[in-house]
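Turn these sequences into a full structure, and let the hints guide you.
Residue numbers (this note's numbering): -17 to 231.
Note that these hints are calculated values from the structure, not bench results.
Computed from a predicted model, the values in this text were never measured in an experiment.
Okay, derived cross-link-like pairs now, DSBU-like style, lysine-lysine, Cα gap no bigger than 35 angstroms in a straight line:
(1) K214 - K10
(2) K10 - K59
(3) K68 - K10
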Amino acid sequence: MKRKKWVSNEVLNWYSYSDSARILDKDKGERAYAIWEHSKQLIENNESDFHLADGITNLKRALNHRLNTIEEIYCFKAIKIKNKPKGYMEMLEILGIVRPFLMKQLLVIRNDIEHRDNKPPSKERCLELLDVIWYFLKSTDFIVQIERYNIVFDEDKERDDSSWFTLEYIYQKDIFIIRGKIPPEFVYEEPLENTFGVVLGLIDGVDDRWVSKVYSKEPIDLLPNEIIGEAKFEDSNKVSLIQDILFNY
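Written out as structure tokens, the structure is:
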């Protein structure tokens, strides 16, 4: 039977920083810009409504390519929270990655062209949408160039012997792994208000260099202030921690 501890949410207020990242394939982020550039040429040349319509269609392609790239890297669709939005851009909005209002206007315009054979908007409006997608690509470059997946919490960064712990988020499985040293006064044997649970035991499907201790079915021999396992958070803390991992440098 898996053992469980509960940890005070107070430790989530410790000084935090990111100490690990993975540099991603440069081509992942550049393809969307190539599509955007093609759209730019169609819109700026503007020889007919067909060019503007094709420009809008390719703008949507650039948007979709970036959204697909983000999902390929981070698997945000796997996040399990109550009242999860159905739309992908709304999910990114919850995580603080995008503000989707203007991009959704592009989708409406493109659908009207594609499915109702409506004329495209004016060249000026198409140029505005061109800028909207350019800013979207620029604002999401940071997550398609470098994958950040963990955050370190330090009780007192000025002390070498300070208590600390690392939270690593495994996007594909929507789980947090915690490891580190947390003083016993922050750790409890039963759930209390303002605590989060930590399961000490097998973490299904996780192969990590420093969680080998939790694979054994035998009782885990931990030091009094040592904690290793899977952390379980309430939805609000979960979303906030994912944001911290993405944006904390």
